[in-house]
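If you want the building blocks of each chain, they are given just below.
Protein chains: 2
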Amino acid sequence: MNFKTFALALAATAATTLALPAAAQFAKPEDAIKYRQSSLFVMGQHFGRIGAMANGKVPFDAKAAQADAEVIAALSSLPWTGFGPGTDKAAPTKARPEVWTDQAKFQDHAQKFQAEAPKLLAAAQSGNLDQLKAAFGSAANSCKACHDNFRAR
Amino acid sequence: MNFKTFALALAATAATTLALPAAAQFAKPEDAIKYRQSSLFVMGQHFGRIGAMANGKVPFDAKAAQADAEVIAALSSLPWTGFGPGTDKAAPTKARPEVWTDQAKFQDHAQKFQAEAPKLLAAAQSGNLDQLKAAFGSAANSCKACHDNFRAR
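If you read the sequences in order, they're chains A and B. Numbered according to the working numbering, the first sequence spans residues 1 to 153. Numbered according to the working numbering, the second sequence spans residues 1 to 153.
Do not rely on the hints blindly, as some may be mistaken.
Listed next, the in silico DSS-like pairs over lysine-lysine satisfying Cα-Cα at most 27 Å (straight line) [unchecked claim]:
no. : chain 1 : residue 1 : chain 2 : residue 2
1   : B       : Lys63     : A       : Lys28
2   : A       : Lys112    : B       : Lys63
3   : B       : Lys57     : A       : Lys28
4   : B       : Lys94     : A       : Lys89
5   : A       : Lys119    : A       : Lys144
6   : B       : Lys63     : A       : Lys94
7   : A       : Lys112    : A       : Lys89
Note that these hints are calculated values from the structure, not bench results. Quick caveat, the model's predicted, so the values are computed rather than measured.
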C-alpha cells in the first residue's frame with residue numbers, strides 16, 4: 001500500500017466513521033436519498049448563481065456571492081452522509097454503483113469538494129471578482145470530477 | 001389599518017423586495033418549487049434530530065445538536081424565495097393557494113420561523129438540554145402554525 005492509497009483509505013475510514021451516526025438517523029433509505037439529492041440541489045442552485053457572476057452572465061454582486069458561498073459552505077459536508085449502505089436503489093437515483101464499490105475514491109472526491117467550499121467562501125468574502133472566478137473554477141472542477149465518475153448521465 | 005396590519009404589510013413588502021432578486025435567479029418555476037422543497041426537507045431532517053433529543057428518544061448529544069441547529073440557521077431564510085409568483089402549480093406541491101392569496105400572513109409565518117432559528121442555535125450552543133427543549137418547542141410551534149395554514153395534508 002503506497003502513501004496515496006493509504007491516505008485515501010484513511011480518509012474513507014474517517015468519513016465512514018463520521019457518517020455512521022448521521023446515516024443511522026435517517027428513518028429510511030429513501031430519506032437518505034432525498035436528503036443527499038436535496039442538499040446537492042440547493043448547493044447547485046447557489047453554485048450556479050456564483051457561476052453566472054464568474055462567467056459574466058449576470059453583474060457581479062459581491063454581497064449576493066458571499067451569501068451564496070455561505071450556503072454552499074454550510075451544506076458542503078451534508079450530502080455524503082446520505083450515501084450510506086442500502087441507499088443505492090431505494091428510490092430513483094443517479095448515483096452509480098461505484099459510489100459503494102469504490103468508496104475510497106468517492107470519499108476522496110467528497111473530501112476534495114469539502115476543501116474547496118471554504119476557499120470559495122473566502123474568495124467571495126474578499127469581494128474580488130478575479131479571486132471568485134479562480135475559486136469557482138477550482139470548485140467546479142471538483143464537482144465535475146465526482147459527477148463524471150459517480151453520477152449517471 | 002391598525003398597527004398589527006401595518007407591521008404585517010411592512011414585513012410582507014420587505015420580504016417580497018428581498019425575495020425578488022433570488023426569485024429571478026431560478027431558471028424555471030419547477031426549480032423554485034424543488035428549491036423550497038429541498039431546503040425545507042433538509043431543515044426538517046435536522047429539526048427532527050433535535051426533536052428526537054428534546055423528546056428523549058435518542059440520547060442528548062450537545063455537539064450533534066449544535067451542528068443540526070447550525071444547518072437550520074443557515075437554511076432558515078432560503079425556502080421563502082422559492083414561493084415567488086408563478087410557482088403555485090408548475091410542479092407537484094403541497095403549498096396551498098393561500099400562500100399567494102394571503103401573502104402578508106404567509107410572510108409573517110416565515111419571518112417568525114426565521115426569528116426562531118437563531119434562538120434554537122443559541123440554545124444548542126449553550127449545551128443545556130432544558131434550553132434546547134424550550135427553543136425546540138417554540139420553533140416547532142412556528143413550523144406547525146405555518147403548515148396548518150399553508151400546507152395541504
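Verification of the supplied hints:
no., hint, verdict
1, Lys63/B / Lys28/A, "holds, 23 Å"
2, Lys112/A / Lys63/B, "holds, 24 Å"
3, Lys57/B / Lys28/A, "holds, 17 Å"
4, Lys94/B / Lys89/A, "holds, 26 Å"
5, Lys119/A / Lys144/A, "holds, 17 Å"
6, Lys63/B / Lys94/A, "violated, 32 Å"
7, Lys112/A / Lys89/A, "holds, 25 Å"
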